[in-house]
Every structure is written in structure tokens, then in C-alpha cells.
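J.: Residue numbers (my numbering): 1 to 271.
In case anyone wonders, no lab produced these hints; they're calculated from the structure. Any given hint might turn out to be false.
Said to hold, decoys possible - Label pairs and their calculated CB-CB ranges:
#1 226 / 154: 36 to 44 Å
#2 221 / 101: 23 to 31 Å
#3 257 / 164: 16 to 24 Å
#4 226 / 36: 49 to 57 Å
#5 210 / 65: 31 to 39 Å
#6 29 / 209: 35 to 43 Å
#7 195 / 267: 16 to 24 Å
#8 20 / 262: 41 to 49 Å
#9 101 / 151: 54 to 62 Å
#10 85 / 138: 44 to 52 Å
For glycine and all other residues, C-beta sits at the position ideal for the given N, C-alpha and C.
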Amino acid sequence: MPELPEVETCLRGIAPHLRGRRILRLEARERRLRWPVTPQIDAAVAGQPIEALQRRAKYLLLDLPSGSLILHLGMSGSLRVLPAETPPGPHDHIDLMLDDGKCLRLRDPRRFGSLHWAASPATDHPLLTQLGPEPVSPGFDGGHLHRRSAGRRAPVKTFIMDSRIVVGVGNIYASESLYRAGIHPQRPAGRISRTRYDRLATSIKAVLAAAIAEGGTTLRDFVQEDGNPGYFARELRVYGREGEPCPSCGHPIRQRRIGQRSSFYCARCQR
DNA sequence: CCGGACGCCTGTCGGC
DNA sequence: TGCCGACAGGCGTCCG
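Given only the sequences and the hints, what does the whole structure look like? Please build it.
T.: Structure representation (C-alpha cells):
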């Protein structure tokens, strides 16, 4: 489910409820997520105060005095802060019991999400060391994309979804960014000019920022912390719109699979 | 190193 | 109505 805007929305939703709180204990009803949720994690977080929350790529980091809890929502994960006694649903796998009678509850039907423990700093964890720059940061721009794309023959859509190049751009926002930049998703990454990469970097920043402002994109089941959907779905110009007229030229939006992921584009506006 | 394919899971939807 | 395959917002791993 979640790309960067949805994870950021999630962070903003839960942060006010978690700041200054202490974790009493971790309660697991299902430990078989992407990786097993080990009892070692339970032991590490029990009794610890939450000192800070942050996002890195699509990971949420809960910083505790002795390290960080690293949380990933996978394809179908979501988080709510609820009264501790709220009965769990069938896919409510993990609760972090808090010291104010509430709990942070992870729901994840497909179980592609994960929980890790990192002795500080979290950025040294193997899952985080290879990550590229945050897209909404000065370190990310067209020059970066242009340099990293040299010699690459893979489609540009695959290229910008590679977290070693830039983090947080998932399947929806990759299609949307390329559409707004006028670049065909299948064009080899190494055959795009610096000028066009400038446009692409600008598009990525703008699309992600706009999506965050709308609380993310709800296609099926994504909900914000308060249970409301994200409203960026109505701003999508190509994703999920196969056969509909291109908002710019009226040509029908096309769909095809690129790198095992469905991709949407306008064959007339994107070259 | 790079690029492509696969697998992990469950739920939903469209076609027959 | 029921079944069955395809597909879904991610990503680590393996293979050539």
C-alpha cells in the first residue's frame, strides 16, 4: 500500500499520540511477518520511553534510549492508535502497549511488513545503509539522476523505483511523475538528457509533496491514523486510468507491465 | 555491476 | 452462484 506520502501521513498521524509516551510491552498475535518478529525485539522495547519518531524512505523509526524500532508497512500495513482494550481484528498482528492506556496497533493482511530492532543509530542497519537520498531534500535533483543513470539500459520507471537511486518512489508515483515530466516510462534510463532529468526530479518532488498534503492515496484499504482515506487518488492523472483520455491531449491512457509492475502513461505526451 | 524474474501473503475482482 | 486466475501501493534474493 504505502509509498512515501502514505508513510509520511502515517508518521504525522501517530506522532502526536506517541511523543513522550513509554512502551510498556510488545504484544504479538502473529510473528510471521516479512521477517519473524523475534522476542528479542519485545525485550528491547519493553519499558522504554519513545524519544523521537522519524521516517527514512518508507521506514518508520521509533527512537528509544537504547536503539530504534524500525517498522515497514509493506504492501498492506497500516497503524492506528487505539484504546488498549479495543478488540483486535483478524489481521491486527502487533500491539505496542503504551503507558496512557492506548496501543499502537499494526494491521497488515498480507504480512509483507516488518519490525526490526537496531542498536543506535538505525541508519547503520543493513536494510538502511544502501538507501539513496530522500526525494524531498536538496541532495536530490536532476544532476543526481543524470549521473546515476549513466550507462543504464533499464527502463527509467524501474530506475526511479530503485531505492538505491532515490527512496520512496513507488508504483503509483513513478507513473505520475513520469507523466508530469513528459517522459516515457520505458525509455532507457541512460538515454535521457540532464534537462529532462531536471524536469523529472522537479515532478517527483511536486507529486510527493502534493500527495502528502492530501494525506496520501487511497486505492483500496489505505487509511490514515484517524481512519480516514487519503485524498490524492482524485489527483491521479494516469495511474489506474487505462483507456481514459489523457488530461492534456485526450489520447487514451495506456497500460503495460514494466519490470513486473503495471505502468500507466500517455504515448503521445510521453517520449 | 546490472537487469530481470521470483517469492513472500491475503483479499478482491472479473470472466467463464 | 461458484470457481479460478490475475492482480494489488514492496522489496530482498537469486540467477545469468
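J.: A separate judgement is required for each hint: does it hold in the structure or not?
T.: Each hint tested on the structure:
Between residue 226 and residue 154, the C-beta spacing of about 39 Å keeps the proposed range 36 to 44 Å intact. Between residue 221 and residue 101 the beta carbons are some 27 Å apart, a value that agrees with the proposed interval 23 to 31 Å. Judged by the Cβ atoms, the range 16 to 24 Å given for residue 257 and residue 164 holds: they are separated by roughly 22 Å. Checked against the hint of 49 to 57 Å, the pair residue 226 and residue 36 fails, with Cβ atoms roughly 31 Å apart.
In this structure the supplied range 31 to 39 Å holds for residue 210 paired with residue 65, their Cβ-Cβ distance being about 37 Å. The hinted range of 35 to 43 Å is satisfied by residue 29 and residue 209, whose Cβ atoms lie roughly 37 Å apart. At about 22 Å, the CB distance of residue 195 to residue 267 agrees with the hint of 16 to 24 Å. Taking the beta carbon of each, residue 20 and residue 262 are about 43 Å apart, inside 41 to 49 Å as hinted.
Under the hint 54 to 62 Å, the C-beta atoms of residue 101 and residue 151, about 57 Å apart, fit the expected range. Separated by about 46 Å at the C-beta atoms, residue 85 and residue 138 satisfy the suggested range of 44 to 52 Å.
The structure is inconsistent with hint 4 alone, although it conforms to all the rest.
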